[in-house]
Each structure stands twice: as structure tokens, then as C-alpha cells.
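**Student:** Sequences are here, hints too, so could you generate the full structure?
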Amino acid sequence: MSVTTHTPSPALPPPSRLMAGGPLGWVKANLLNGVFNSMITLLLAYLLVRYTISFVDWAFLNAIWQVPNDRFGRADTSSCRDIKGIGACWAVITEKHRFILFGTYPYEEHWRPAIVCVLFIALYIVSAMRRFWRKELVLVWAVTLTAIGLLMWGGVFGLSYVPQERWGGLPITLILATFGLAFAFPLAIMVALGRRSRLPAIKALCVVYVELIRGVPLISLLFMASVMFPLFLPEGLNIDKLLRAQVAIILFAGAYLAEVVRAGLQSLPKGQYEAAEALGLSYWQKTGFIILPQALRLVIPPLVNTFIGFFKDTSLVLIIGIFDLLTAAKTAIIEPQWQGFAVEVYVTVGLIYFIFCFAMSKYSAGLEAELNKHRKR
Amino acid sequence: MNTMSSSGKRGFSVRRLVLGAMGAGLLALTAPAARAQAPAAAPAPAPAPAAGGGSNMIETIRNRGTLICGVSTGLAGFSAPDSQGRWSGFDVDYCRAVAIAIFGTDQNRVRFVATTPQARFTALQSGELDMLARNTTWTLSRDTSLGLDFPATSFYDGQGFMVKRSLGVTSARQLDGATICVQPGTTTEQNLSDWARSNRVTIRPVVIERQEDNVAAYIAGRCDAYTTDASGLAGVRSTQQNPNDHIILPEIISKEPLGPLVRHGDQRFADLVRWVHFGLLAAEEFGITAANVEQAATADQRPEVGRMLGRGGDLGQMLGVDNRWLVNVVKILGNYGEVFSRNLTPLGLQRGPNALWTTPGGLQYAPPFR
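Going down the list, the protein sequences come from chains A and B.
In terms of my numbering, the first sequence is residues 1 to 377.
In terms of my numbering, the second sequence is residues 1 to 370.
The hints are simulated quantities; they were obtained by calculation from the structure and are not laboratory data.
Take the hints with a grain of salt, since some may be wrong.
[As the list claims (entries may be wrong)] Calculated pairs, DMTMM-like style, for lysine to aspartate or glutamate (alpha carbon to alpha carbon, straight line, at most 20 Å):
#1 A:K84 <-> B:D245
#2 A:K84 <-> B:D213
#3 A:K312 <-> B:E209
**Tutor:** The following block contains the structure:
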């Protein structure tokens, strides 16, 4: 046994030269070092300023926020058409925002889908806080989702009944994404575990499910659900169109998430499994207390990646005539006087999608840092 | 079935969700979750889409309380939701007209279901819809092999081309080598290739799913020409910054009789849809409008008008509806001409072949009401 002596390494310089010499010094050191770099910096700065200015001009300074009605009570968009390309016609949003957000839901009842959206967001926020991660959260979800269903359908407590085909806009997107992922995630965990099972039947079933579903595009599944499936049902028996799409999305998301979860399971060192077994834990105890918490923690980035992807994939339901947020936005510009203002509408809808996706992405970054603290030493 | 009363809506849907997740194989399980409106008399196993023979659609619709009508997800002038989410348009008015004929003056007796070109026929075949009014072309194969019927032609259309005036093209035959924007999944695409082949014109189709995207591609110069039904072209042209920059070429390369569809199986419902159309035409022919229909119903001395409007005979009862059905329809929606000018004239569409037969070139003709 040799004796190791500890010699402290010499003190390193501060890791970052970020602020050495203040912001100016940083610019000098990083952006303007050498002729070539300086030229690129200047060129990019020029382009940035130029396009920012024209964007501000288009989006704010030259924009039209409201248009008058003509003598038939229809919007007169000629002023918007005159400034096309120079200024944005936000009047289309002013006029159509309620349609984009809530689709063909009865106009006087728009407060109901509005509350639904608020409930969804509140649900996300509550679920995101670690201090609420308790068993009661399941109850909160059940209650909130029931309330959402009651509000959307109505028919009780003096609310008028609104059939599903009149729902639309943001609530549809949130319903499809939330229910889709909430049901797909447990399914995915089961399938991922099943795929690593030693029981051949279960394993084969899970492999077939994942490979079958992953082998076809989501759009064809939606198509199957909406076009083929009803033909197999007896006449007069109709399963709701939204429900069929929802099931297709759950099955599809389940297959993808299962592979993500399986990646996490496989990345755990074998010692973890063996140690858990050595403790005498049953399969479910081992999985629930040792394996899954570590595995899921590892796969947060790809999980969120899939979540974000699916949030946006819900817009594919346009193929079966459901007015989700994007379809409602596209439909809003079909009226002749509003045709041609697609850019404004797409920018607005893009912003809504971005807010949701960016929030998910920021939250996952925070969660990842929080849960993996023990790795960063 | 009383568990499905409105108080249990949520639980009901969750159950359906779970059941649905169990997949198509467990049909037997999903059966109790069927819509409450399932016609009680409908024969349970219906292997072919054309089944349902003998079922009384009008009675089914009346019991349900609403007519379920499939419309386009959005086509200016024919069916589109307005800023408040209310459907309006030419096809939408046909749905409303049938609903009014069945239910009388109550306006909210129709549910509009937005359907895509690909899903529209299945939705009707499977019984999800009662009728489809979705600018659909009447063709032999659709009429026969799909198990559907076209009771009437509500709008005579034809496929045309629009090009930019600056291109200097005056005839479609000059489009040799041109790129042409076209929508997939419709007869439009097939007509285009049929026409190109028979006229030995080489064209390069650019297939884009949505009409607005097609138009955007055409405007941006991605395609030399845009082809769709002439009604659609007129609509697109009228909303351009400068409509005179675009011309619609004189060639009409196809016949596109558009009309409502119903499922095979109940001819009485098809009769009703057909005669609602004829009723709108006849009302225009006899000069009966939304404004004067009430007065005509009591005072007009012409015998045919009297029969039409339910003062003499029971033509309405023969159709299975109230004798005053046409009075109600015209009072709310107007006659064919009024429906046309409310929905399609703002797009810049002329009556053309859709004028009454009494006008030269007009094709719209109603058989006698007797």
C-alpha cells in the first residue's frame, strides 16, 4: 500500500472571461478580434438592425388594427389591402380572435371555453410545482378534467348543451395534447417495461404494438380512425369524431414515449437492478422505487422533446375536419374580405404555440437541473 | 340508456375514452356507449355501407331533433363560419332549407359537421351525417359504387384556369409546359390530367392540399396557372388586390354538377332533398320571395302556387313534412335566386348556367308541383 499525498493544484484563473474588462472588453475579445470576425460581426449586426427595423415598421408602425364596416355590415378591408406588404393588418386578429381561439363554439357561450383554457393552464402550473407532487394531485386532475368536460359539453346546471362538432380552437388543441399525453405516458411506461419483460407473450405484444404504430405516420392513423373505423361499426352507432382522433393520438404518442422510457431503463447500470433484487424487493417495488425514478429522470430531455412534438402534432387533426387552433386560424381567413391576410394569422397562432412550447422547454430545463443536482458536483 | 342522460356526460365520455382505447376489436363493448340518438329501428349488423334499407330517415331526424349536415371545412360562398362561428353559404343554406322543411320555422334544428374531401363520403356512409352539402360533383362512380345518391344539382359548375394577365396567355391550349397548381383528392386533379392527355398538352401539376395555399403559390409565381372550379376561380379573383391582373381562361374543361348527397336506403328522404331544391327554383320562377311568401300563401290565385305553398292539396304530406314546408323555407332563406345572390354574387359569380330555364343558357328547371 503506497501512501498517496494530496497536493493542492495551483489556483486556476476564474473560468469565464465573460466580463473581464466590462461589456466593451467582451465585445472586443469575442466579436471584433481580427479582420474577418469583425466583418462578419458588422454584417450580421447590419442585417439584424435592418430586418428588425422593417419588422417593427410592418408589425407596429404601419399596421392597421381596426377596419370600418361597409354599408352591408361587412368588414371593409380595402385599407388593409392598400398597405399589403408595408404594414400588417392586425384588424384580421381584432375581428377574428374569438373564432381563432374558440372556433364555432356558440358565440354567447365563449366564456366556457375561455374558462377551460384557464383551467388547463392552472392545471399545468399546479402540476409543475414540486410541492404539489402528491397523491392528491391525481384527484385534482380528475376534478379539473371533469369540470372541463362539464363546461365544454354543458347540459347540466343550466348550461346549454354544446355538441362536440361545435368545439374548436385552443381548447381542442389543449384537450388533444393533455388527454393524449396524460393517457399515453402511463401506457408508455407499461409498454416500455413490457418490452423488457422476460415473459415472451408480453414482450412480443409490446414489440408488435410499438413497431406497428411507429411504422405508420400519425396522419394515417388519424385517417384510419376517422375514415375506416366508422365503416366497421354498425349503422347508427357513431363514436365521437374527437374521441376517435384522441384515441389515435394516445396510441401514437404511447409508442413513441415507450421507446423514450425504454432508453432510460436501458441506460441504468445493471448493478441497480441487482442491488434492488438483493434487497428482496418485488418486481413492482423494484420498478417503482429504484428503477423508474432514475430512468425517468435521465430521459427528461427526450420526453419533453416528444411532448412538444405532440403538442404541435395535434394540428394534424385538420385532415379529419376538427377545428383545432391552427385549423380555426386557417378557416378564419376563408371569408372573401379576409382572404390574403394569412401572415398575420399565422404569426399570431405561431406565437401561441411558441408560448406553450417554450414554457414546456424552460420548465423541463429547470426540472432537469433540479432532479439531477446530485450529478453536478 | 338512461345512464347517458346529460347529468352523466363526463363519466359517459371517460367510459367511451377507455372503451375506445381498447380498440376496434372490442366492438361488443363499445355498443352500449353508442350515441343515444341511434335509430331504434335500425338493423343492428349493417355490413355494407349502403345498408339501412327501410329506415325512415325523416322520422329518425325528427326524433333526434336535429338534421346533421356535412359541409366543407371552408369554401368562400358555399360554406364557411363567420367571425362569430355561425355557418353561412350556399351549401349551408341547403342544409338549413331541408331542416326547415322538416322542423318548420325553428332555425336551430341543424348541426353542421365540417368534413374534409377525403372523409366526406365515409362520414355519410357510416351514418355520421344525414346529408352532405359540400360542393361535391355528381359522377357516375360516386352515384353507384359509394352507395350514395345525388338528389339534385344545386349548382352547375365547371373547371377552368386562371392565369396572370402578364403571362399573355389567352387560351388553355397555350399552357403547354406550364406548372399548374391543383388540389388533390378531388375530381379537379383527374380532370386536369384527362384534359392534358386528350389535348396533348404537357403540364406539370403542383399538388397542394389547401385552397388558400394553392392560391398563395399561384400568386407567388410558384405556378403559372391555378385550376379549380370556375366558381372558386371567380371567388379567388375577386379577393385579389387587383382582380384585373388575373384572367379566367375561356375553356371550361369539365362538367361539375354540384349538389347535396344522401345515403342509399331511404328514397323518401332523397325525395325531400330533391323537392326542397325544386321548391326553391319554383319559388323563383313564380316570383315568390322571402318578402312576399306569406302574402302569396294566402292570396296568390295561381293554382300551382297554391299547391306549392300548401293552400290546396297535400303535396307536403306526400313528402312526409308539413304542407306549409315551402312557405317556411322561402320565408327564412328566400328563393333560389335570393340564396344565390346572398352567398355567391358577392364573390363575383354570375348566374350563367344556374339561371332558370326561362333565361337563355339557364339550366335550372323544376318539374311541376302537382
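**Student:** Now tell me, hint by hint, if it's right for this structure.
**Tutor:** Evaluated hints:
1. For the suggested pair A:K84 and B:D245, the alpha carbons sit about 16 Å apart, so the restraint of at most 20 Å is met.
2. Distance hint between A:K84 and B:D213 is fulfilled; the C-alpha atoms sit about 18 Å from each other, no more than 20 Å.
3. The straight-line distance between the Cα atoms of A:K312 and B:E209 is roughly 19 Å, inside the 20 Å bound, and the hint therefore holds.
Hint compliance for this structure: no hint is broken.
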